[in-house]
Amino acid sequence: MAKGYSIFSLAKHALRPSEPWPEAWEKPVPKSSYDVIIIGGGGHGLATAYYLAKDHGVKNIAVLEKSYIGSGNVGRNTTLIRSNYMIGGNTAFFEKSMQLWEGLSHELNFNCMVSHRGQMTLAVSPGQVDAFARRGNTMRLNGIDAELLDRNEVMKELPYLDFSKEARFPIHGAIHQPRAGTVRHDAVAWGYARAASQLGVHIIENCEVSAILRDGDKVVGVETSRGKILSNKIGIAVAGHTSHVAAMAGLRLPVESHILQAFVTEPVKPIVHHVVSWGAELFYLSQSDKGGMVFGGHIDGFNTYTQRGQFHRIQNVMECATTLLPFMSRMRLLRHWGGIQDMTPDGSPFICKTPIDGLYLNGGWCYQGFKATPASGTTFAYMIANDQEHELTGGFSLDRFEKGKELDEYGIGNWIYKQ
Amino acid sequence: MRIPCPHCGERDVAEFRYGGDASNVRPSHGSGDLKQWHDYKFIFDNPQGPHLEYWQHVYGCRQWFKLNRNTATNEIVGGER
Ligand SMILES: Cc1cc2nc3c(=O)[nH]c(=O)nc-3n(C[C@H](O)[C@H](O)[C@H](O)COP(=O)(O)OP(=O)(O)OC[C@H]3O[C@@H](n4cnc5c(N)ncnc54)[C@H](O)[C@@H]3O)c2cc1C
Ligand SMILES: [Zn+2]
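Protein chains in written order, with my numbering: chain C, 1 to 419; chain E, 1001 to 1081.
Derived by calculation from the structure, the hints in this document are not laboratory data.
Treat the hints loosely; a few may be bogus.
[Unchecked claim] Straight-line Cα separation of at most 20 Å, EDC-like style, residue types lysine to aspartate or glutamate; simulated pairs:
id, chain 1, residue 1, chain 2, residue 2
1, C, K59, C, D387
2, E, K1035, C, D387
3, E, K1041, C, E402
4, C, K403, E, D1033
5, E, K1041, C, E406
6, E, K1041, C, D399
7, C, K403, E, D1039
Turn these sequences into a full structure, and let the hints guide you.
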């Protein structure tokens, strides 16, 4: 197996190209029992296994993935990372994630291409400038970078936007988070998988969990397409399939599964140097290192597990693109795809215990799970190892709707489709 | 996806608004049982398969109706007024 990647290993393989690179992670046969089982080999599941092994010394861990590593949303998202949150339960958590991104390539010995190119969120009314000033102040009070730009400053940085008198949504300013940016999403899955495997974690692909086995109020194992596997500690991290897998343990959750689409154009020379998002509609865009514009908008807006997007959403996202960035009307779309994500009523996630002993839940990530990956792994590992909440995840509990403690940061949960 | 409005016939999904799971039963008026209201408002079966759901034909007759759709395939089995 590949141990360290370095300039020397690169040179060795360049000189001997006929010798293939060794597999990045091992493909073990599942054992009959583990100390901890993580269901779902996406970014969150792999990161959790890695931090369990590294920070908590857990030796005997399996990650069970129904398909191949990278097949889920970790390989489908638009790769944006930011920490511009202002509600108590979110701010410190997402900032922790940003700090972990900063050192991740070194931590994993895998180039995740973390790019702090900055995010510009554009205000389209004076009221929105005020709201952004408030958000920026909250961020800065929490030690997070943020600056407010006026229209002229935005024009200097993003001259390609529609600044004409006829602009349907005139640009009044922007809030800029310089440390926000993009990360190569596949590298995050592969890097965590490889680093976890080197610490002895079993990454078991093509292994679908079909039942969660219980003894009274305790979990004791899972039934899978590769046989029965026992464990007293099981973490669920299956993104869009949270309801489905939790139902195997008899749980009904505040979650609906929705499709979110993403789009990429043909590559062009560098023009968009930031992540650009918009105050008029949910719309976000960045230019990849290959040169394509990578962008997306809202979910399609109804429960579905099919990864096929609807045309009216495609049209709506293209309208956003061409309204905000007129040059986009002359670009050709290369590909578009969809991913199933679990939507919660308030748009915020769950990292929590469940009513069943030994069963832990990580899900409900809505639009924001990729940027959360390192912090989610760290805190979920802490919870599984210690059977108690990490101080950063107190707000992400299942009973927050009962208690009136919703975390409706942006108002983008599944509520808004029903009003 | 094409949705059969029971009043206007089959139209593109773009004309409709989704209203969520129609199998959750609304607690009776005046019910003060907060747990019941919580479950009605926030908890979903979210099945991968047949799903009874509300839709409104916003850009048509504006009527609400129930639709039986398979969430694993988007196949529509039937609508009810
Ligand atoms: C189009 C799109 C764009 C997005 N853009 C962004 C963005 O720019 N920034 C951001 O922060 N977030 C973004 N997100 C959200 C983010 O991608 C997700 O929230 C995050 O990836 C979810 O966590 P994960 O990586 O663990 O999920 P996944 O990679 O989906 O992992 C879950 C895994 O569980 C497996 N699984 C499911 N059921 C079972 C079972 N029964 N047994 C075994 N395994 C099972 C699945 O096969 C899957 O591999 C986007 C999402 C989509 C769809
Ligand atoms: Zn109608």
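Going down the list of hints, with the structure as the test:
The straight-line distance between the Cα atoms of K59 (chain C) and D387 (chain C) is roughly 17 Å, inside the 20 Å bound, and the hint therefore holds. A threshold of 20 Å between alpha carbons decides the hint, and for K1035 (chain E) with D387 (chain C) the separation of about 27 Å lies outside it, so the pair is violated. Note on K1041 (chain E) and E402 (chain C): the hinted pairing holds, with a Cα-Cα distance of about 10 Å set against a maximum of 20 Å. For the hint linking K403 (chain C) to D1033 (chain E), the alpha-carbon distance of about 14 Å falls within 20 Å, and the restraint holds.
The suggested pairing of K1041 (chain E) with E406 (chain C) holds, with an alpha-carbon distance near 13 Å, which does not exceed 20 Å. Taking the CA atoms of K1041 (chain E) and D399 (chain C), the gap is near 13 Å; set against the 20 Å cutoff, the hint holds. This hinted pair checks out: K403 (chain C) and D1039 (chain E) have alpha carbons roughly 13 Å apart, not beyond 20 Å.
When the structure is compared with the earlier hints, a violation turns up for hint 2 alone.
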